[in-house]
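Q: Construct the complete structure from the given sequences, taking the supplied hints into account.
Number of protein chains: 2
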Amino acid sequence: MVGYSNLKVIINKETKNFQSIWWNEKGIINMIDQRKLPFSFEIFEASNLKQTCFAIKEMVVRGAPLIGVTAAFGLQQVVNTGIIENFLQLEKIVKNASNELSKTRPTAVDLFNTLNRIESILDSSISVSENIEQIKATVESIAKETLEECKGIGDIGNQLIPEKCTIMTICNAGALATIDFGTALAPIRKANEVGKEITVYVNETRPRIQGGRLTAWELHNEGINHYINADGAAGHLISQGKIDMVIVGADRIVSNGDFANKIGTYTLSVLCKEHEIPFYVAAPRSTFDLKTTSGKDVIIEERSGEEIRTAMSVDAINETKAKRRIIHHPFSQNINPAFDITPAKNITGIITPTKILKQPLEKSIRQFFE
Amino acid sequence: MVGYSNLKVIINKETKNFQSIWWNEKGIINMIDQRKLPFSFEIFEASNLKQTCFAIKEMVVRGAPLIGVTAAFGLQQVVNTGIIENFLQLEKIVKNASNELSKTRPTAVDLFNTLNRIESILDSSISVSENIEQIKATVESIAKETLEECKGIGDIGNQLIPEKCTIMTICNAGALATIDFGTALAPIRKANEVGKEITVYVNETRPRIQGGRLTAWELHNEGINHYINADGAAGHLISQGKIDMVIVGADRIVSNGDFANKIGTYTLSVLCKEHEIPFYVAAPRSTFDLKTTSGKDVIIEERSGEEIRTAMSVDAINETKAKRRIIHHPFSQNINPAFDITPAKNITGIITPTKILKQPLEKSIRQFFE
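Protein chains in written order, with this note's numbering: chain A, 1 to 370; chain B, 1001 to 1370.
Take the hints with a grain of salt, since some may be wrong.
What the hints assert, rightly or not - Which residues of chain B face chain A? A partial, calculated answer using Cβ under 7 Å: (1) Pro1038; (2) Lys1196; (3) His1220; (4) Ile1327; (5) Ser1332; (6) Pro1337.
Said to hold, decoys possible - For each label pair, taking beta carbons as the anchor points, the in silico distance ranges come out as: (7) B/Lys1013 to A/Glu306: 19 to 27 Å; (8) A/Ala316 to B/Asn1225: 34 to 42 Å; (9) A/Glu306 to B/Gln1333: 24 to 32 Å; (10) B/Pro1278 to A/Thr81: 55 to 63 Å.
What the hints assert, rightly or not - Chain B stretches covered by chain A per the calculated footprint, using a threshold of three residues with CB under 8 Å from any CB of chain A: (11) 1066-1080; (12) 1152-1164; (13) 1233-1240; (14) 1302-1315.
Derived by calculation from the structure, the hints in this document are not laboratory data.
The beta carbon of each residue, even a glycine, is placed where N, CA and C say it ideally should be.
A: The structure is reproduced here in structure tokens:
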């Protein structure tokens, strides 16, 4: 794995550096268990495909780029295991695994882009072991590119941030959503690193509270000044002139510039338009879906109503065992769309690893991939 | 107290009728303890002014009209107690109590309107006992008017609701926010009562979850079809065409038509404007503040960050002891504005007890009070 790591984790007052996913010395996939943060820092070990699929589906890992990398690791995992006798067997193993992985979560396109990329290198004209080497090399490239791209997003996005700036974000588009650095948080990290005076308003992001749990934890570890607000307070904060810009991540950007992201993102885009605040999306190449032409065609994952009815909580600051507990009238129905679609027209620009894509986005995206 | 009661409460599968506040046989103010709903149905007894102030400040009772009625009961409580020897003593007792009550919460104007109304009837030309009788009669009038007005809002608002309608609301503007029937929920109750096919989308309303706890509980008790959604999902639901209209309550409507209401309301108004969905506010007369000319001049209560960091929860459906538990990174700062301001221009109409006030609202409000 690539050497640098920037995800600072404070454990018992000591700072350590981690990435959100890695292979351990036994060839098992290790991941920071994001269901348990910030209450407890635990490593989830996926030693087989079933566990890797579980990790994506149950959100041990989440965030579009990280879902993509985890899926890549999952495909490497199945070819690492056991003896594969011929190409047909290899192909079957990879396609079956890809099929299982593709069923875990529907919205983040990085998952499908990664699976397609690895499937497409299968080559019946070379040996099984050469194929496996190529898969490993491709998985390593995917991880390396994800890291490099996030660094690039940080550098490019930082150019948009003035010396003193208050930025609002939603969900977690940080190191935890990628391998390291993040997408929406990468420019914030970079701006902080170069000494700019940054304040971040973090929408808590119900129901799974990735803002209040994960983004706040990352920002705290980095020493970046931040406030957590209720999702409903975003409009008030923006209308009061407290926010200079909004930067969010993405789960899927389609060819006309529409994009899917965590539920609540669309609302932020409408509020930014109303108040003429810049609204930026930050994403690596793997988050683009050029085959889909409109946000209307993106499948929005509907997750369990149980996530709405409950919230992960602990009884005390030092308690490490968070539990899902009931916070609502328990006999009510719930509706839980996990993502929403923001139309291209509401976007000021897309922060990519190499440049800012500006309006008209359809044209800029086409040129970017040419 | 006025005879009718419509707040259905299901306790152990048996339906009883309650109002949100009443005098018990010993002359003590009884209130449904709204901090504990829906997990436990408990009566809070305020036997002195300090307890009544506590009940408002700590949100045993909440909702602008109910805050007003509770304050009225509080003033009656102080003149009920002990022997008052002369007018000056009476005046001092009432003004001191009024001063204490006025410090409990700053945004809902019903509180101040009620206190002013009762203070203004003090009359040095009549006896102390005649003054006390007048206070009691006025308090009774305030309660009766609140009830009648909510019924009126139900009848008037129902005229806006088609035979089949999906309505979104936020916070709790129901029977629990008034004495009975509610403001925003009164038209919904009425529409349901007359057999219309109603579905309600309830924004859970972080941080105190009055939507998910209180509105959902009321709608469940009434048998009205409803879904609880994350506050961040409102934009998605509206953009998908799922919502026919939004009806909200108000904490203070000023003379130009701007109004304060629960944090998140402003965002809903912007989303409704974006999607050309009707956005209605429902309020009794006591919620109007004709002395304030613009929403900019309304004091927005900033409540403790602890409310953001935590959520009331129970471990199981049948558990009755809800506790505030930590749901965020505990070392982050929080910002917790309890209300926001929606500008008059975003309002389709104000549902009052006797008519719908339409644009231009400044003129309609002036005429309404002439």
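Q: Look at each hint and say if it fits the structure.
A: So, going through the hints one by one against the coordinates:
no.: 1; hint: Pro1038; verdict: holds, 4 Å
no.: 2; hint: Lys1196; verdict: violated, 19 Å
no.: 3; hint: His1220; verdict: holds, 5 Å
no.: 4; hint: Ile1327; verdict: holds, 5 Å
no.: 5; hint: Ser1332; verdict: holds, 4 Å
no.: 6; hint: Pro1337; verdict: holds, 5 Å
no.: 7; hint: B/Lys1013 to A/Glu306: 19 to 27 Å; verdict: holds, 24 Å
no.: 8; hint: A/Ala316 to B/Asn1225: 34 to 42 Å; verdict: holds, 39 Å
no.: 9; hint: A/Glu306 to B/Gln1333: 24 to 32 Å; verdict: holds, 30 Å
no.: 10; hint: B/Pro1278 to A/Thr81: 55 to 63 Å; verdict: holds, 59 Å
no.: 11; hint: 1066-1080; verdict: violated (count 0)
no.: 12; hint: 1152-1164; verdict: violated (count 0)
no.: 13; hint: 1233-1240; verdict: holds (count 6)
no.: 14; hint: 1302-1315; verdict: holds (count 8)
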